[in-house]
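Residue-level listing of the chains:
2 protein chains.
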Amino acid sequence: MTSKANQIAAEPKRRGRRPGGQDTRAALIAAAREVFAESGYQSATVRGIARRAGVDAAMVNHWFGSKEGLFAEAVLELPFAPQTLIDEIIEGDLETLGERIVRKFLTVWDAFGGGTFAALVRSVTSHEQAAEVLQDFFVKYLFSGVLKTTGSDNPKFRASLCASQMVGLGMVRYVARFEPLASADIETVVDAIAPNMQRYLTGTITRNG
Amino acid sequence: MTSKANQIAAEPKRRGRRPGGQDTRAALIAAAREVFAESGYQSATVRGIARRAGVDAAMVNHWFGSKEGLFAEAVLELPFAPQTLIDEIIEGDLETLGERIVRKFLTVWDAFGGGTFAALVRSVTSHEQAAEVLQDFFVKYLFSGVLKTTGSDNPKFRASLCASQMVGLGMVRYVARFEPLASADIETVVDAIAPNMQRYLTGTITRNG
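Respectively, the protein sequence lines represent chains G and V. Here the first sequence stands for residues 1 to 209, where the numbers follow my numbering. Here the second sequence stands for residues 1 to 209, where the numbers follow my numbering.
One chain only, chain G, in its complex shape (with noise of 0.2 Å):
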């Protein structure tokens, strides 16, 4: 238990906070934290997250949904839950999914300044488990969320294309800094990106269709 959680849990109960309040909040976002650093994605359970945490298991569906967002908001540091976001960006026309998802990408990271991004990528390419985390999330979680509403062929490998294009722009706008890439504004990368995004979610990639 870290420091943070230990003093919340030694709090005198205030009326109407806990279980459900801020505090519980807090303590499962720290619990979780050691918890997919320990024991990677895969193997993290709610039910241990919320016995380190010392809540009740069903606090983690009543603040972050899932698991998964649980670890959207305590190790990607995202603001808003991982469902809620495949259900906005799949939301539209199947024809603009892509121009969808890079103004959606470049909205949120945006907002960040990008020092979130940077901190994901330093944890990948120092940890084999945050690689492993990483590739649950994104590919398998994230892009294949989306990818279902499509009914294209190879979803898997689309969706590691879809990354591919993703972390790209992200490493290339947020922590290399390209210019004119890293300053253009939103709608100008929407324009020159979503077309080849559109292409990975519905287009033909084998050279035999």
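Hints are computed from structural coordinates only; laboratory data are not their basis. Check each hint, because a few of them may be wrong.
Copies of the same chain are indistinguishable here, so a pair counts whether it falls within one copy or spans any two.
To be verified - No farther apart than 30 Å at their CA atoms in a straight line, the calculated lysine-lysine pairs in the DSSO-like style are these:
hint, residue 1, residue 2
1, 140, 67
2, 104, 67
3, 156, 104
4, 104, 140
5, 156, 67
6, 140, 156
7, 148, 67
8, 104, 148
Bear in mind the structure is a predicted one, so any value in this text is a computation, not a measurement.
Here the structure of chain G is known, so what remains is to put chain V in place on it, guided by the hints.
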């Protein structure tokens, strides 16, 4: 001067090996790593690196062709001179340029097992200057060199778009190892990604063409 460079400089001259021998080459690589790290790519000079290595500046051209060549070998640890790479990529039809870039990228980095690419990304995520150096090298030198031959509009924007796809491919294939892209054979990946690269190189990348 590194202890290695000192050691080399302290060695007695051997007939037929100095000043053009492998010792000089190794001393230049060691000196280049120091000078590029201290001064950045733009400020580093061939003369300064040669001075640090205790050899004549002409040796840089003799062994590496240019400052870019020395950077590629000493810092990026590429097994070829970058100008040779550009020449090889440019050779051929304009409409298969994207295909040649993706195939060459995969052929070169697959041979390394990706370790060097991960080291490159780590240095970019941890050092501000490494990012600048890489931007100079990849965008201003490498992709701009290739784009000069296409006659396309917005060459700098296109160069950074190309970089986003290639850096992302490297991240997903060699660092994060997202499957199935990480293990797919080269021609499968070429078929999937080359048309997207081709669009960045010669296609319409703005909404109004």
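Please sort residue 156 with residue 104 into within, between, both or neither, judging by C-alpha distance up to 30 Å.
both (21 Å within a copy, 24 Å between copies)
Up to 30 Å CA-CA - residue 140 versus residue 104, copy category:
Cα proximity of residue 104 and residue 140: in one copy and across copies (19 Å, 29 Å).
Copy assignment of residue 156 with residue 67, given that the CA separation must stay at most 30 Å:
So residue 156 and residue 67 pass the 30 Å test inside one copy only (21 Å; across, 42 Å).
Copy assignment of residue 104 with residue 148, given that the CA separation must stay at most 30 Å
within (19 Å within a copy, 33 Å between copies)
Homomeric proximity label, residue 140 with residue 67: Cα distance no greater than 30 Å
Classified as within; 14 Å inside a copy, 43 Å across copies.
Should residue 104 paired with residue 67 be assigned to within, between, both, or neither, using CA atoms and 30 Å as the limit?
within (22 Å within a copy, 40 Å between copies)
When no copy is specified for residue 140 and residue 156, does a C-alpha distance of 30 Å or less occur within a copy, between copies, both, or neither?
Within one copy, since 8 Å is at most 30 Å while 34 Å is not.
When no copy is named, should residue 148 and residue 67 be tagged within, between, both, or neither for a Cα gap of at most 30 Å?
within (20 Å within a copy, 49 Å between copies)
The structure meets every hint from the earlier list without exception.
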